[in-house]
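Chains as they are written, first to last, in my numbering: chain A, 4 to 48; chain B, 382 to 702.
One or more hints might be untrue.
Computed beta-carbon distance windows for the label pairs [what the hints assert, rightly or not]:
#, chain 1, residue 1, chain 2, residue 2, range
1, B, D534, A, Y35, 54 to 64 Å
2, B, L393, A, I22, 17 to 27 Å
3, A, D36, B, E428, 41 to 51 Å
4, B, T386, A, I18, 44 to 54 Å
5, B, S557, A, I17, 42 to 52 Å
6, A, R11, B, D483, 51 to 61 Å
7, B, D520, A, L26, 32 to 42 Å
No farther apart than 35 Å at their CA atoms in a straight line, the calculated lysine-lysine pairs in the DSBU-like style are these [unchecked claim]:
#, chain 1, residue 1, chain 2, residue 2
8, B, K440, B, K412
9, B, K384, A, K32
10, B, K440, A, K5
11, A, K32, B, K383
12, A, K32, B, K568
13, A, K5, B, K568
For the record, the hints were derived by calculation from the structure and aren't laboratory data.
It should be emphasised that the depicted structure is a prediction, and the values quoted were computed from it without experimental measurement.
C-beta atoms are modelled at their ideal positions from N, C-alpha and C, and glycine is treated no differently.
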Amino acid sequence: MKERTFHRLLAAVIIAGIIISLLLLIYTKHLYDNCSIISYIANGR
Amino acid sequence: MKKLTKQIAALLGTALYFAAFNFTVYENLTKRCHNQTSAEMQAKSVEVSEYLPFDANSKIAAVDSALTLSEQPPVIDGAAGLFPVYSAFVHAVYPESSVHYDGERFTPESAMQYTNTRGAYQAIAEGTIDIAVCVKPSDAQLAYAKEQGADLDFIPLGYDAFVFLVNGSNPVENLSCQQVRDIYAGKLHTWSQVGGKHLPIDAKQRNPGSGSQSAMESFMDGQDMHANPFGFLGSAIGYSFRYYVSDLVGNGGVKMLSLDGVSPTPAHIADGSYPVVSSFFAVYDRHNTHPDLPVLLEWMQSDEAQKIIADTGFIPLHPQQ
């Protein structure tokens, strides 16, 4: 694999990872804001 | 070839790093926030449609009283956890034509409303409702009522246990009142300090102005509450009222703790051995001149209304009745 191709692929993986992580965190924050204390305890530890 | 292997390993390693991060977030945070009810019910927190008055399939303690109020009875509102009680009151003494529910909410002209503790205290302070069935208000709610010129009176109707909840898998079954205060004051940080696992304690609180948050502030007796910054990695404790947990929500994933060695059973609440009980009240403004208000307040303390409270699952003022 050419060095340039590798760097592009690596950048794509990192960007995708960051985007997915951010979306998961935003979704989690949304759930947390709407979560009842009972659901939180029942579904967690 | 060796270079290609390294490049593929770097790409896979990066992808795995993000996958591991997201999996950890999901397992520790996202998963525990999943609600088991619809978004609408998350807001309302009680399946209102199951406890409506004048509905043959309703789960309320239906009683047909000899008393019937006028066609324009006092507007009643209240806490989520007490909805079945005041819905049964409405069923017993309100004319059916005075209650209007459009399938999702009570319409503005309805004599029965449901805006939960915070909404009910705001409404009674502003004079848009006549009676609120709630637990005690927060200091801020009292101050707001005073600012609005309302002179609130509290008629006790019954009581219930204030309970502390943990996940069903938590090995801790009992805490002392002092341990609970120390947990919420930030003096105890891990479950191992109270006989549990080596996990941080995640001491959950409710939103300000909710009935259980006001009860918790009263329980803390002036001590400030501090969240454990690492609590989200651990195991949670929260609080609510016994009836709300065991009957209304009925979520099998949580268990109620004993306090000072006493479990929150109706018998222990009634005999006074469970250490933290909380009264609930019919709250009204002394300036209110609605002609049906004195009649309704008197009826709410009658044997008939007390039986409704007992049949619903709460502890009435006079359990022997």
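> Broken hints, numbered, in rising order?
Replying inline: 1, 3, 4, 9, 10, 11, 13
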